[in-house]
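> Spelled out, the chains give:
Protein chains: 2
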Amino acid sequence: MSVPKIVILGAGYGGLMTAKGLQKELNYNEAEVTLVNQNSYHYITTKLHEPAAGTAHHDHARIAIEDVINTKKIKFIRDRVTSINLQQKEVQLEKGDEPLKYDYLVIGLGSAPETFGIKGLLENALFIRNIDSVRMIREHIEYMFARYPSEKKEELITIVVGGAGFTGIEYVGELVDRMPELCREYDIPLEKVRIVNIEAAPTVLPGFDKELVDYAVKYLESKGVEFLISTPIEECTQDGVIVKGGKEIKASTVVWTGGVRGNKLVEDSGIETMRGRVKVDEFLRAPGYDNVFVLGDSSLVFNEDGERPYPPTAQIATQQGQCLGKNLAALIRGGEMKPFKYEPKGTVASLGRKEAIGVVGNKKMAGGMAAFMKKVIDLRWLFLLGGVSLVLRKGKL
Amino acid sequence: MSVPKIVILGAGYGGLMTAKGLQKELNYNEAEVTLVNQNSYHYITTKLHEPAAGTAHHDHARIAIEDVINTKKIKFIRDRVTSINLQQKEVQLEKGDEPLKYDYLVIGLGSAPETFGIKGLLENALFIRNIDSVRMIREHIEYMFARYPSEKKEELITIVVGGAGFTGIEYVGELVDRMPELCREYDIPLEKVRIVNIEAAPTVLPGFDKELVDYAVKYLESKGVEFLISTPIEECTQDGVIVKGGKEIKASTVVWTGGVRGNKLVEDSGIETMRGRVKVDEFLRAPGYDNVFVLGDSSLVFNEDGERPYPPTAQIATQQGQCLGKNLAALIRGGEMKPFKYEPKGTVASLGRKEAIGVVGNKKMAGGMAAFMKKVIDLRWLFLLGGVSLVLRKGKL
Numbered sequence: 001m002s003v004p005k006i007v008i009l010g011a012g013y014g015g016l017m018t019a020k021g022l023q024k025e026l027n028y029n030e031a032e033v034t035l036v037n038q039n040s041y042h043y044i045t046t047k048l049h050e051p052a053a054g055t056a057h058h059d060h061a062r063i064a065i066e067d068v069i070n071t072k073k074i075k076f077i078r079d080r081v082t083s084i085n086l087q088q089k090e091v092q093l094e095k096g097d098e099p100l101k102y103d104y105l106v107i108g109l110g111s112a113p114e115t116f117g118i119k120g121l122l123e124n125a126l127f128i129r130n131i132d133s134v135r136m137i138r139e140h141i142e143y144m145f146a147r148y149p150s151e152k153k154e155e156l157i158t159i160v161v162g163g164a165g166f167t168g169i170e171y172v173g174e175l176v177d178r179m180p181e182l183c184r185e186y187d188i189p190l191e192k193v194r195i196v197n198i199e200a201a202p203t204v205l206p207g208f209d210k211e212l213v214d215y216a217v218k219y220l221e222s223k224g225v226e227f228l229i230s231t232p233i234e235e236c237t238q239d240g241v242i243v244k245g246g247k248e249i250k251a252s253t254v255v256w257t258g259g260v261r262g263n264k265l266v267e268d269s270g271i272e273t274m275r276g277r278v279k280v281d282e283f284l285r286a287p288g289y290d291n292v293f294v295l296g297d298s299s300l301v302f303n304e305d306g307e308r309p310y311p312p313t314a315q316i317a318t319q320q321g322q323c324l325g326k327n328l329a330a331l332i333r334g335g336e337m338k339p340f341k342y343e344p345k346g347t348v349a350s351l352g353r354k355e356a357i358g359v360v361g362n363k364k365m366a367g368g369m370a371a372f373m374k375k376v377i378d379l380r381w382l383f384l385l386g387g388v389s390l391v392l393r394k395g396k397l
Numbered sequence: 001m002s003v004p005k006i007v008i009l010g011a012g013y014g015g016l017m018t019a020k021g022l023q024k025e026l027n028y029n030e031a032e033v034t035l036v037n038q039n040s041y042h043y044i045t046t047k048l049h050e051p052a053a054g055t056a057h058h059d060h061a062r063i064a065i066e067d068v069i070n071t072k073k074i075k076f077i078r079d080r081v082t083s084i085n086l087q088q089k090e091v092q093l094e095k096g097d098e099p100l101k102y103d104y105l106v107i108g109l110g111s112a113p114e115t116f117g118i119k120g121l122l123e124n125a126l127f128i129r130n131i132d133s134v135r136m137i138r139e140h141i142e143y144m145f146a147r148y149p150s151e152k153k154e155e156l157i158t159i160v161v162g163g164a165g166f167t168g169i170e171y172v173g174e175l176v177d178r179m180p181e182l183c184r185e186y187d188i189p190l191e192k193v194r195i196v197n198i199e200a201a202p203t204v205l206p207g208f209d210k211e212l213v214d215y216a217v218k219y220l221e222s223k224g225v226e227f228l229i230s231t232p233i234e235e236c237t238q239d240g241v242i243v244k245g246g247k248e249i250k251a252s253t254v255v256w257t258g259g260v261r262g263n264k265l266v267e268d269s270g271i272e273t274m275r276g277r278v279k280v281d282e283f284l285r286a287p288g289y290d291n292v293f294v295l296g297d298s299s300l301v302f303n304e305d306g307e308r309p310y311p312p313t314a315q316i317a318t319q320q321g322q323c324l325g326k327n328l329a330a331l332i333r334g335g336e337m338k339p340f341k342y343e344p345k346g347t348v349a350s351l352g353r354k355e356a357i358g359v360v361g362n363k364k365m366a367g368g369m370a371a372f373m374k375k376v377i378d379l380r381w382l383f384l385l386g387g388v389s390l391v392l393r394k395g396k397l
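Residue numbers (full-length UniProt numbering), protein chains in the order written: chain A, 1 to 397; chain B, 1 to 397.
Treat the hints as calculated values from the structure; they're not laboratory data. Watch out, some of these pointers could steer you wrong.
The calculated DSS-like cross-link candidates involving lysine-lysine, where the alpha carbons are at most 30 Å apart (straight line), are [as the list claims (entries may be wrong)]:
1) K250(A) - K152(B)
2) K250(B) - K152(A)
3) K101(A) - K73(A)
4) K75(B) - K95(A)
5) K250(A) - K75(B)
6) K192(A) - K95(B)
7) K152(A) - K75(B)
8) K153(A) - K264(B)
With the rest of the complex left out, here is chain A:
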């Protein structure tokens, strides 16, 4: 008699937490758990803005999967998913000849940039997506700065950040920290550098407490950042961006942080999606499939009123993975699943290394204390993944 096959697609926050949970809950002979990920490592999405600015090395934002997963209990396959066949209950991988069969499927395939149909964005902008993309952004910026002393074109040292949401603001904060060093390296006067943050919404950090938003804007402006609010980008070209009204901002570097949508593979599988994301039921199941679970950026979870979806964050994905690990263990033992309930613990946005703003519990904070909390939150993820030993190896306060 064969044991049930659980296949987890993606080693992001959700997938990895599910795997960790199953590894803890199940005995060797209860299920065959397979984790599939295209890289040999998990990357810490909440830290990607740092290597993208060059303020931290990208190795600080990734962890080898085999360091945090017991590969005697969880089979790890490093491969790329090319399609999901829900009828046949199998997954096709790029390198694997045989499709991967499952009884239970966990989809945590993350997101792709949402360009809202802005012309030229996909071709000409850079995206804070993964390890490959952020070290490319870092090197792109360095290359443009390196060219400036001979070519003397202002656009080479102009950086446009599209989107002043969470990622956009955190990235701008890192850039501000990075510029003095970069200018020294390439003999460029710091005051010549332009960082322009462009946002279509009428405010920076929509949804954030106004007092904290003001703190962030004031701090970043004091460091020379220019904000263009209520200003939709209409086109991104090789030379920069054109904003509503036709004004062009010449910039050799345009980094888009304006939003994400679900992975296209999920849409293509036939599951009903909204912008590539699956509105899951209380047990994180895809509509119509009792054995298919979706979490993280691939999923949509609505708030209590059922009016608005929670924004896709590492925090919700982690909680989903923790819930799903337990539920899957219960399921294969014939037990009851518990509904998923998101418990927001708060949100902290860093503004470079020493500044941050945020709400933790009911407490608003800004400045050094918030920056400290941000680091505590980062350490908590390392602790969940690999206990104290991983915190000691990879963490820094």
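Model the placement of chain B on the given structure of chain A, informed by the hints.
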């Protein structure tokens, strides 16, 4: 009564040695010596292949002029020369309103790349010229490597070095040292990288001892370098190079080391030149101008038989500067000048950090001993410039 005005254009090996000599020989009231240089620093041309590969930081290849010149005795102007008027005995600078008057002019304005009319070379290739250009080359290569993991195009990690002369071979040697680190940084398998060295002449390092050339080629080939000898480049495009016969080698990085010519400013001044270089007389004077001296890459000095010019090197420029400093001091005191005689001390070409080939005195050497000698030669230049203290500050063995 005013003292004679000596103006030195360029703080390369020749100009700097002339200034150092005058600083030592002359008293405060004997002459007004002005040194003009477009940067605040002297760069060590013989080391530029290291920062261009990223094996050493570019700060190791430059020295602040005010660190090695006594600015109480030598006036230093940081500016770019825009024209030389030999009739009016004045030099026009970019920022200076008033032209700079001289009684004696020393031209050490260095070289520009010689492209031999190869189509597209100036537009699409990179050149190991100065600090600005080498850090740009380093960043160009890093950026191409950073793009490879997402774009997967082989040309991104293919580097063509045009020219297998001294600079070409030294640069290839550094690249070989650099690749393992670069591949680790961007998760690229080392064996996928291609370094292709293309030379029109029938041998690598024309003019060098054959046994040493074989040593160099064998060593570099063992590290994966491909040599295309007797293979003129016919065109350089945005995609790579096209060699004689029409074969295309796709490469996102093409670095041209195939030769240099004199600075165009010298040609434009009306002095007779050959490829921008001035065939000077025995006192390093330009033909027809008793008060104009030319040295370094701007000058042509023929060997004893008068058949072939010595190749432009730091060594000959340094000796010219040493000679000219003494001669100018003699001249303004009404003394006799001594003819310049080049005394070749030997040549060592590095092949990365631990290997080299060369001839010192009459002794051929290859391997670790030659690499050691190369470092001694580098230290000697630091000693000439700034004595023991500069050797201790900037030198490394």
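> Taking the hints in turn, state whether each one holds.
Each hint tested on the structure:
| no. | hint | in the structure |
| --- | --- | --- |
| 1 | K250(A) - K152(B) | holds (29 Å) |
| 2 | K250(B) - K152(A) | holds (29 Å) |
| 3 | K101(A) - K73(A) | holds (18 Å) |
| 4 | K75(B) - K95(A) | violated (68 Å) |
| 5 | K250(A) - K75(B) | violated (40 Å) |
| 6 | K192(A) - K95(B) | holds (19 Å) |
| 7 | K152(A) - K75(B) | holds (28 Å) |
| 8 | K153(A) - K264(B) | holds (24 Å) |
Of the numbered hints listed earlier, those contradicted by the structure are 4 and 5.
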